[in-house]
Amino acid sequence: MVEEYIDQLSIFLENKEGRLLNTLDIIEELNINIRALSIADTSEFGILRLIVTEPLKVKEKLEEKDFIVKITKVLAVSISDEPGGLNKILRILDKNDINLEYLYAFVEQKTYNAIVILKLENMDEGYKVLKEEGSQLITSEEIYSI
Amino acid sequence: MFWDEKIECMSKEDMEELQLKRLQDVVKTAFNEVPYYHKRYTEEEVYPEDIETLADIEKLPFTTKTDLRASYPFGLFAVPQKDIIEIHTSSGTTGKPTVSGYTREDLDIWGEIIARGLTMMGVDENDIIQNTHGYGLFTGGFGVHYGGQKIGATVVPISTGQTLRQIELLKDFKTTMLIFTPSYGLHIAEELKNMGTDPKDLNLKVIGFGSESWTDEMRKQIEDKFQTPAYNIYGLTEVMGPGVAMECEVQNGLHLNEDHFYPEIIDPKTMKQLPENTPGELVLTTLTRVGMPLIRFRTRDITKIHHEKCGCGRTLVKMDKISGRTDDMLKIKGVSVFPSQIEKALLSIEGVEPHYQIILTRPGVLDQIEVKVEASPEIFFDNVKELVGIKDKLAHAIHDEIGLRVNVTLVEPKTIDRVESGKAVRVIDNRNK
Numbered sequence: 020m021v022e023e024y025i026d027q028l029s030i031f032l033e034n035k036e037g038r039l040l041n042t043l044d045i046i047e048e049l050n051i052n053i054r055a056l057s058i059a060d061t062s063e064f065g066i067l068r069l070i071v072t073e074p075l076k077v078k079e080k081l082e083e084k085d086f087i088v089k090i091t092k093v094l095a096v097s098i099s100d101e102p103g104g105l106n107k108i109l110r111i112l113d114k115n116d117i118n119l120e121y122l123y124a125f126v127e128q129k130t131y132n133a134i135v136i137l138k139l140e141n142m143d144e145g146y147k148v149l150k151e152e153g154s155q156l157i158t159s160e161e162i163y164s165i
Numbered sequence: 079m080f081w082d083e084k085i086e087c088m089s090k091e092d093m094e095e096l097q098l099k100r101l102q103d104v105v106k107t108a109f110n111e112v113p114y115y116h117k118r119y120t121e122e123e124v125y126p127e128d129i130e131t132l133a134d135i136e137k138l139p140f141t142t143k144t145d146l147r148a149s150y151p152f153g154l155f156a157v158p159q160k161d162i163i164e165i166h167t168s169s170g171t172t173g174k175p176t177v178s179g180y181t182r183e184d185l186d187i188w189g190e191i192i193a194r195g196l197t198m199m200g201v202d203e204n205d206i207i208q209n210t211h212g213y214g215l216f217t218g219g220f221g222v223h224y225g226g227q228k229i230g231a232t233v234v235p236i237s238t239g240q241t242l243r244q245i246e247l248l249k250d251f252k253t254t255m256l257i258f259t260p261s262y263g264l265h266i267a268e269e270l271k272n273m274g275t276d277p278k279d280l281n282l283k284v285i286g287f288g289s290e291s292w293t294d295e296m297r298k299q300i301e302d303k304f305q306t307p308a309y310n311i312y313g314l315t316e317v318m319g320p321g322v323a324m325e326c327e328v329q330n331g332l333h334l335n336e337d338h339f340y341p342e343i344i345d346p347k348t349m350k351q352l353p354e355n356t357p358g359e360l361v362l363t364t365l366t367r368v369g370m371p372l373i374r375f376r377t378r379d380i381t382k383i384h385h386e387k388c389g390c391g392r393t394l395v396k397m398d399k400i401s402g403r404t405d406d407m408l409k410i411k412g413v414s415v416f417p418s419q420i421e422k423a424l425l426s427i428e429g430v431e432p433h434y435q436i437i438l439t440r441p442g443v444l445d446q447i448e449v450k451v452e453a454s455p456e457i458f459f460d461n462v463k464e465l466v467g468i469k470d471k472l473a474h475a476i477h478d479e480i481g482l483r484v485n486v487t488l489v490e491p492k493t494i495d496r497v498e499s500g501k502a503v504r505v506i507d508n509r510n511k
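Residue numbers (the numbering used here), protein chains in the order written: chain A, 20 to 165; chain B, 79 to 511.
Hints in this document: simulated from the structure, not taken from any laboratory.
Keep in mind that a hint or two might mislead.
To give an idea of the chain A side of the interface with chain B (calculated C-beta under 8 Å), a few residues [said to hold, decoys possible]:
# : residue
1 : E33
2 : E63
3 : L81
4 : D85
5 : K89
6 : T91
7 : N118
8 : E120
As the structure is a computational prediction, the values presented were derived from the model and not from experiment.
Heads up, the beta-carbon is just placed ideally off N, CA and C, and yes, glycines get one too.
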């Protein structure tokens, strides 16, 4: 297993009032920190994607409350927070014909770098080319310790 | 194994002879003892002596649920009330309940027909039957109870509900037979899974289920989840209760206890009898019922009947599982739709849970159908495109089955009501609101 793969939680949510808050309340009760979050939504349902410090614990708790939760492997890349930073990464993927399923990003406070979470159609191939081109891939430990 | 080999394997000629004799007796008793039949038959100018052959039954008028309600509560009893030792009623959800009264002899026959069915399923005096059918006015609980005791099995009369207790007893008593309605059975299976119990660790060897509509896919799920064969039990309160017909190990239709209940299949529009192997409404006549004879009772259940020697050796007439009800039938955009068709389509897709609800609305002039389906881990993907794909696939499968476009909505698990009391609410019709 590639060390740099990060466990992301994907949670099925109906698009109705209070569901997101309800989910996050459960994570708060566990006293677990959310590192990054994104929501893909349609008019009826959404997929909540989370990077948390203890994914298995959160998954277990949510499943106990009848949520559907899956663990998805994603990559996190650190890029300098300046114009064109993300383009560089996307260009590598494009050049190698690797399709991007989705991405979301957040800015890290200590180094002022941006961290981009990537879900690629072909994760292994994507990992290989990013590594070869010298992208700065971050491990779970690093992301949890931010 | 047979409970009553002489009857269960009787030749068609001998059975018809027995049926005719009993039919003549029951019509005579009804005419003489029950004011309702006396009045109806006099009005229609048909009399007991007009029944010379089994085919003559067509001369008699039908009895419907409406007739039973009009005679509420005791108007159809053929014996003084002191001879009635037990009463059951239907649920009464659509009006006054219908009452069913039993003499001691009737209860004995009830036990007898269930005993035949349990024996067909391979159950005997060594078995422990956990009966989750409700005890009370509902006929389910007591019917199974009397039959179970008749064969000498150990009956655990737990009724529906208290699911965790059910599971505790399943383990502690080493229950070998579980009786349930399909929706309650699936509820138990869910709880078993939640508790991390492997059905293989239980001692179950057979399941008897009934009193609710179901599909082959649903039976498959039940059998998978409990790792044991499941057999169908058919019956209705008005006629007796469960046990009118029961399924043998061949699992290809139910053996109808035709020495006690004479079956006909009619076309509900023309009211004429239909030939064998043609689907229509089942009409039943009790041949031996003492307390409350019912003649040509329209069950509203749709099925077909056929005579053939079964793989199990029995010759009792077979009926298919109920494919729908004439009063369950939904008319949507003028098309006849049964909820069971939608269920069949949903369950044809792997990973789909049998928890669904059909919601009918009429926002303008046209009917709209929404089918809510609970998502499950098997059909959840971290990808909007794939999730929308699943929805489309479900909608497509339903369209193929009923010929109408529906809107499928995926909802979170456990958000569609489970019914601890027995029967699930499958249809919400908001069209005339």
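A quick look at each hint next to the structure:
For E33 of chain A, the suggested interface contact is upheld, since its CB lies about 5 Å from the closest CB of chain B, less than 8 Å. The beta carbon of E63 of chain A is positioned within 8 Å of a beta carbon in chain B (closest approach about 6 Å), and the interface hint is therefore held. Checking L81 of chain A against chain B by beta carbon gives a least distance of about 11 Å; that is not within 8 Å, so the hint is violated. Hint status for D85 of chain A relative to chain B: holds, with the closest Cβ pair at about 5 Å, below 8 Å.
Among the interface hints, the one on K89 of chain A holds; its C-beta lies about 6 Å from the nearest C-beta in chain B, closer than the 8 Å criterion. With its C-beta approaching chain B no nearer than about 4 Å, T91 of chain A sits inside the 8 Å limit, and its interface hint holds. Contact between N118 of chain A and chain B, as hinted, is not supported at the beta carbon level, the nearest pair being about 12 Å apart and thus beyond 8 Å. Annotation: interface hint on E120 of chain A holds; nearest CB of chain B at approximately 7 Å, less than 8 Å.
In summary, the structure is inconsistent with hints 3, 7 from the numbered list given earlier, while agreeing with the others.
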